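Asks: Make the full structure from the sequences, and use the hints.
Number of protein chains: 2
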Amino acid sequence: MAKPLPRYQKLEVTLRDQIETGRWRGGERLPSIRSLCQDYHLSKITVQHALQRLEALGLIEARERSGFFVVPPQNKFEVPGQAPTPDEPKPVSVSQVFQDIMTRSAAFDLLPACNRDEPPPGIIQLNRSIGRALRRQSTRFQYYDEPAGDQELRNQIALRAARRGWIAQADDFCITSGCQQSLFLALMAVCKSGDVVAVETPGFYGVLQLLEQLQLRVIEIPASPESGMNVSALEDVLKVWDVKACVVSPAFATPTGSVMPTEARRGLLALADRHDVAIIEDDIYAESGWLNVPDTLKAIDTSARVIHCSSFSKVLSRDLRLGWVSGGRWHDEILKLKLTSQLASSRFLQEGVAGFIAEGGYASFLRRHRQDLRRRRDQLLELLSGWNVSLRVTTPHGGLALWVELQEDVDTLRLYGRALQEGIVITPGNLFSVSGKFSNCLRISFAHPWNAARVSALKRLPELMI
Amino acid sequence: MAKPLPRYQKLEVTLRDQIETGRWRGGERLPSIRSLCQDYHLSKITVQHALQRLEALGLIEARERSGFFVVPPQNKFEVPGQAPTPDEPKPVSVSQVFQDIMTRSAAFDLLPACNRDEPPPGIIQLNRSIGRALRRQSTRFQYYDEPAGDQELRNQIALRAARRGWIAQADDFCITSGCQQSLFLALMAVCKSGDVVAVETPGFYGVLQLLEQLQLRVIEIPASPESGMNVSALEDVLKVWDVKACVVSPAFATPTGSVMPTEARRGLLALADRHDVAIIEDDIYAESGWLNVPDTLKAIDTSARVIHCSSFSKVLSRDLRLGWVSGGRWHDEILKLKLTSQLASSRFLQEGVAGFIAEGGYASFLRRHRQDLRRRRDQLLELLSGWNVSLRVTTPHGGLALWVELQEDVDTLRLYGRALQEGIVITPGNLFSVSGKFSNCLRISFAHPWNAARVSALKRLPELMI
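Just so you know, the sequences run in chain order D and U.
For the first sequence, UniProt numbering begins at 1 and goes up steadily by one.
For the second sequence, UniProt numbering begins at 1 and goes up steadily by one.
No lab work stands behind these hints: they were computed from the structure.
The structure presented is a predicted model; accordingly, all values stated were derived computationally and were not measured.
Please note that the accuracy of each hint is not assured.
Chain copies aren't distinguished; within one or between two, either way the pair holds.
Unchecked claim - EDC-like, lysine to aspartate or glutamate: derived pairs with alpha carbons at most 16 Å apart:
| hint | residue 1 | residue 2 |
| --- | --- | --- |
| 1 | Lys437 | Asp273 |
| 2 | Lys244 | Glu118 |
| 3 | Lys192 | Glu212 |
| 4 | Lys459 | Glu152 |
| 5 | Lys459 | Asp109 |
| 6 | Lys336 | Glu212 |
| 7 | Lys336 | Asp100 |
| 8 | Lys336 | Glu359 |
| 9 | Lys10 | Glu263 |
| 10 | Lys336 | Glu146 |
| 11 | Lys437 | Glu463 |
| 12 | Lys192 | Asp242 |
| 13 | Lys459 | Glu146 |
| 14 | Lys437 | Asp100 |
| 15 | Lys336 | Asp276 |
Replies: Put into C-alpha cells, the structure is as follows:
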C-alpha cells in the first residue's frame, strides 16, 4: 500500500531493527561498509547515507579507523527473560489491583498526588483550541455527531497514518472514547463468548480485563522484552487451538517497550492469513518513539484483517478520552457497535483536537515530549543503578515504562501492599498475565518528571522489598 | 425513602396523575370539593389548596358556580390507540433507518441543516464553565479520572435526585458517555446472551438496537400513549416467560410522551420483586417536564432492583456525551464494566458541567427551556391542525416529541424515503417496535424552533403521503 522507501532508508530500517531487537548489542561493531554493500547489493554512498542517519539518531557512532559501533544504551542492566512456552487457553481472572490502581489515578505515576506544575505550552495550546471550538459551537449542541465521528479529526488521523506506511482515508476510522473502547469494540465485533484470543505475555492488563468481561478464553504467547510477540510460538499455538483473534502491540508494547522487527510482522500477518485470525493492533504507544515511530501493521495488511486501535492518551492527554479504531473487514460492524453503545462522541472536543493537529501544535508538542520521555527514561535507568538489589531491565526507545525483573524471591504484589502504606503506587508484574507469572517483575513508568518526591519514592522501593 | 408529602400535595399528585393519564379528560368536570373531601378524608382547605395549585399549573379551571373543569389540551386530536397484546419473545431485527437518521444528525429535527442561530445564554454559560475547567487543568491531563467519574458532578446529580423523592449519594452514581451507554452497561451487567427483556411498545429504538447487539430476546409490552407501560399486560407475560429485565421509561417516554401514574409504578416494582426482574429505568426525558418533573422509580425502590439511567442530552446538550447510571444491586458490576470498556471519562468536561450546575446555571436554563418546549409543542399541535388528513396525536407535558397516528393505509417508512429526497428527515413509527407495528405512525419532535423552513417541511409531509 505504501510508497516504496528509498534504498538508503530501507537499509536504515533494517539495521535499526537489528539494533533495537538485539542482533547488534551496545559496544558491538557493525559490519564494514564494504560488507554491507555486498550483503545488501547497495552502493557505498547509499550505505554511508544510511549509517549517517543512524548516527544522527544516536544509535551508532563512528570510531576512527575502526568503523561503526552500536552506542551502548544508558541501561547497564541485562534484559529480562522471555516467558516460557504457552499453556492451554484458560478463563481470565485478573486481580482487583487494576481497579485499585485506576481508582487512585495512578496508572503511570508512583506518586499521583505530587504533580501540580504548570501544564506544558502544547497542552495550553490544545486547551485553547478546544475552547475556540466551544465558542464556535452555535446551535450544534442540539445535535448528535455522526456515529463515525468528526470528519476533520478523522482526516488528520489519516494524514498521520500516511507517514507510517499506511495510505488511509478519513472513512477508514471510527472515533471512540479511547483505545480501551477501541479494543472493546474490536473484540465485540470479532469474537463471541468462549472464543480463544491470543495475547502477548507479559502484556497489557486492560486487554486481559476485557477478555474476562467478554467471557473469552485467553492463550498467552511469550513475548521477548526486545522484539515482542514470539511469532513461532504463536504458530505452534495456531496448529493446536482455534484462535479467533490475536491482540498485539508491535510498537513499544507495555510493559516491556518491545518493538516487533519487520520480518516478525510479516510472519505474523502471513500466519493470520493462513489460519484466518483477526489481528487487533494496539498502537497506542507508537507515536512516543524518539528514535523513530514504527510503521503500523496496517502498512503491510493486504487482507484487511488488521484492526488498528489507538488514542491520544499516551502521547498527548489522558483526559481527552478520544481514540479511534480502523476495523478492516469488521469496520461496518464496529461502527454499528459504537453507534448502539454510545450513539456519538463529543463534536466540539473532536474539532478542538483536529484544529490543534492541523495547526501543527501536535507535531511540535510531540517533538518536545519525546525528548522529555527519553531524558526521563535515562534518569530512571540511572536511579535504578542506585538500587542495591540484583535486577534486569529493558531499554525501550519509546513508550512510558521500563520492565524490571527482580530476584526470583521478590513478590511485587506484596511490595504493592507495603508501598501503598507509604502512599507509593507501583504496578506489580503479575498484573500483566493471567498465569501468576512475573510475580518478581515491576513496570516502572518514566511518564512524569523525576522530582525530589518521586526520586525518594523510587529509592524507598528496594528497602520495602526486604 | 423520601420525606412524606404534605396532604394537599398528595391530592395534587393524585389528581394530576388522573388528568395526565386520561381519567378526567379535557372539558370534564372534576368531582366537587365536598366529594373530594369525603373520598380522600381531607379538610376543605386542603382540597382547595390542591385545586388552586392545579389551576396555577394550567391543568384545571374554575367555572363560577359549576366547580373545577379540566382544561382542554391544545390538542384537538384524539389520542392514538394502545398496541395489541404481547406476542412471544423474538430476536430483534431493527431497520437500517436508525443508523441512517443518526448519520444525518437528524434524531430530533426534520431539517437538521437549517439551524444556525446563536446558542441560548445558558449554553454560552455552560461552555464558559467548561473553558474555565480546561484552564484549571494543570497537569491533570496526564491522569485518568477515577472510574466512577468526578466526585463533584456526582454530588450535583445526587442533589437533583433528592428533589425527586430519591435520597441518593455521590457514590450511587457512575458517570458514562450518555444514557445510551448507561443502558448498555445496565443490560451487560444484568443479562447474558439469549435472555428475555421486556420493553414498552412503542418504545425507544436505541434500546431495541442494544438488545439486538447483545443477542437478547425482546418481548414487547403494550404501552398506552398516556399512562405508559401496561403493568397488567406485563404481569401476564411474567406468568409465562422468564423475563430477566424490563426497560421502562416512566417519565415522558419516547415516542408517546406518556407518564406512568404512581399506582402503576408501585405495581411495576411489586411485580418485579415477585418475579425477580431487574428494572432498567430510562429517565432521560424527566427533567423536561414543564408541569412537573415526575419522581424517579428509585424513590420507591426498596429492593435496589431499579437501575437508573440518564444523561444531559435531552434537556441540556446532545454534544456533551455525559450521562450517568445508578446500578442498585448491580452497581459494582457496572462500575467494573465501565472501567474495562473505556477506563475513564473526561474530567475537565465533568468539572465544567458540575460548576455550571453548582452556580445555578442549569436550573435557570431548564426553567427557560421547558417553557420553550411547551410553546413549541403547542405550535406543532397547531401546525398539525392544518394537515388535511385524519390523525390522532398525543399531548405530552414533557419530552421532545409527539406521537402521530395516521390512517391505517399510510406507510411512514415509504414516506421516509420520499421526504428524504426533499431533504426532510422524519422518524417513522416502525422504528419503535420489532414487530412491524406502527407503520402508520410518526414521531414528530418539537425540540427546535418552528422557523419558516421547518414549518414548510412539516406542511409538505401530508402531500408526500398521497
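Asks: Indicate which option fits the pair lysine 244, glutamate 118 if close means a Cα-Cα distance not exceeding 16 Å: within, between, both or neither.
Replies: neither (46 Å within a copy, 51 Å between copies)
Asks: Cα distance capped at 16 Å. Does lysine 459 pair with aspartate 109 within a copy, between copies, both, or neither?
Replies: Classified as within: same-chain Cα gap 14 Å, cross-chain 61 Å, threshold 16 Å.
Asks: At 16 Å max between alpha carbons, let me know whether lysine 459 reaches glutamate 146 within a copy, between copies, both or neither.
Replies: So lysine 459 and glutamate 146 fail the 16 Å test inside a copy (50 Å) and across (27 Å) alike.
Asks: First find the shortest C-alpha distance between lysine 437 and aspartate 100 inside one copy, then the shortest across copies, and answer within, between, both or neither for a cut-off of 16 Å.
Replies: Neither. Shortest intra-copy (20 Å) and inter-copy (48 Å) distances fail the 16 Å Cα cut-off.
Asks: As a check of your reading, is lysine 336 near aspartate 100 (CA-CA no more than 16 Å) within one copy, between copies, both or neither?
Replies: Answer is between: at 11 Å across copies they meet the 16 Å cutoff, but 32 Å inside does not.
Asks: Go through the copies and call it for lysine 336 and aspartate 276: within, between, both or neither, with a Cα cutoff of 16 Å.
Replies: Neither: 23 Å inside a copy, 32 Å across copies.
Asks: Using 16 Å as the alpha-carbon threshold, which applies to lysine 336 and glutamate 359: within, between, both, or neither?
Replies: Classified as neither; 32 Å inside a copy, 38 Å across copies.
Asks: Reference check for the pair lysine 459 and glutamate 152, CA-CA at most 16 Å: within, between, both, or neither?
Replies: neither (46 Å within a copy, 35 Å between copies)
Asks: Go through the copies and call it for lysine 336 and glutamate 212: within, between, both or neither, with a Cα cutoff of 16 Å.
Replies: between (23 Å within a copy, 11 Å between copies)
Asks: Between copies, within a copy, both or neither: which fits lysine 192 and aspartate 242 at Cα up to 16 Å?
Replies: For lysine 192 and aspartate 242, only the intra-copy Cα distance (13 Å) is at most 16 Å; the inter-copy one is 23 Å.
Asks: Within a copy, between copies, both or neither: where do lysine 437 and glutamate 463 come within 16 Å Cα-Cα?
Replies: Neither, since 23 Å and 71 Å both go past 16 Å.
Asks: Regarding lysine 192 and glutamate 212, is the shortest C-alpha distance of 16 Å or less found within a copy, between copies, in both, or in neither?
Replies: both (12 Å within a copy, 14 Å between copies)
Hints 1, 2, 4, 8, 11, 13, 14, 15 from the list above are not met by this structure, while the remaining hints are.
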